[in-house]
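Residue numbers (my numbering), protein chains in the order written: chain A, 222 to 411; chain B, 102 to 419.
Just so you know, the hints here were simulated from the structure itself, not pulled from any lab data.
For glycine and all other residues, C-beta sits at the position ideal for the given N, C-alpha and C.
Just so you have them, the derived chain B footprint on chain A, three or more residues with Cβ under 8 Å:
hint	region
1	243-256
2	259-273
3	277-285
Residues per chain, in single letters:
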Amino acid sequence: MANYSTNEFRSGLKVMLDGDPCSILDNEFVKPGKGQAFNRVRLRNLKTGRVWERTFKSGESLEGADVMDVTMEYLYTDGEFWFFMEPDTFEQHQADEAAVGDARQWLKEQEPVEVTLYNGTPLSVSAPNFVELEIIETDPGLKGDTAQGGSKPAKLTTGAVVKVPLFISQGEVIRVDTRSGEYVARASKS
Amino acid sequence: MHDWRPSADLAVLRQRASLLASVRAFFDRRGVWEVDTPLLAAHTVTDPALEPLIVQHCGASERPRYLQTSPEYAMKRLLAAGSGPIYQIAHAFRDDEQGRWHNPEFTLLEWYRPGLDLDSLMAEVADLVLPLLGWQRSQRFRYRDIFRETLSLDPFTATDAELAAAARRCVDTGDMTGERDLWLDLLMTHAIEPALAGQGVVFIHDYPASQAALARCRWVDGVEVAARFEVYIDGVELANGFHELADAGEQLRRFAADNRVRRERGLPEREPDAYLLAALNAGLPDCSGVALGLDRLLMVMCRAPQLSAVMPFDWQRS
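Chain A on its own, in the form it takes in the complex (with noise of 0.2 Å):
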């Protein structure tokens, strides 16, 4: 892999840091009046999730990490890992539970979701903003019931359970926002 210098550090560039792939959220360049230049840097590992600032000298370098997003389609789970595959080369990729990890509980069979590759690898899976799902479980819904400020918990098909108004019926399809985990809006049936 290539190196990248501190002044090529964008937001988005994946790099080898400490031995594990990070992506750059952050750089900012900051010098005193006189002397040493310096990059706070504001990193994501991609491992772990942790977010964390480092401070390099100006000039430095780092290896660049060979991680890709590529967008797979999602098969099926064997509960152990969850399989996903590549829609133009049919290549399968299986994917362990630290790298599915939240993405899991929104994960629907042949919708299309992003997963990242480190050195071929699933590092990790994100889910779509939003997804539609069937409510597979629910208190009976009450008619005519729009009041706000009501609602239940609901069981949807991936076993996900959120917070829906007291309208909902089971065995409809919802619009949920997957990064707040909160429902957004009934989805037409197609």
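Chain A is already provided as a structure; the job is to place chain B on it using the hints.
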């Protein structure tokens, strides 16, 4: 599509024009006259922390020329020629300096006052800057005192290991290694400067002699300090002033020391500016001088979020 439009609002650029007019009126009232020295010159600075932009081919000449990192050397030659007090509003160029507070091409206001000591020059900077900001007062700290107050550390007597440990407490530095001044610079930028946010105009003076650059040195309270000050506005470095070094021999030694550091760091050496050395030999009047970042001053005046918002066309669009 190329975004051809300015990076600053036209209203801000009008404020820029009125700032330039205010500066010129200020110096006119004080009998300091404006000069205009070459931006592209045969020599550059030796400072290991400054990289110039270089023009490789100038006509038939094989020798490169350097876009000036500040107009300092040319202005000192004018002073040696008997100019008296002078100022300049000049574009300056520094390679690889880019960020929220940096643009590789920027505008410096630089002025020199024969016969003025550093105290009087600090007062003059305050006289210029405070009315522009609409503020009443400024503060002064010795470098030693601001370190003691902020970090409970004496930057002159602490060991290198103590300075490194203090820096590592402030920030993750990985496996960074360096000399004493590296840790001092790290503490200055990562601990002291943030502590100056909200403090308005702050002068820090009497730097360690190792950070003298082109300032004279003297002994104060048993330690050798540089007759140098920095001006901060709310923690942002605005200006740097010196009681100017006038001794040609000492100047030559500092050039050589800079080049030694350049060799150690694998940086190209810079040929000492023979014109400047000859001018110092002829005699530079006793004087103080200061260089002030006009873009940054405007940025604070307009509360702009970054330097590009006060420049007609920043580096990305120039």
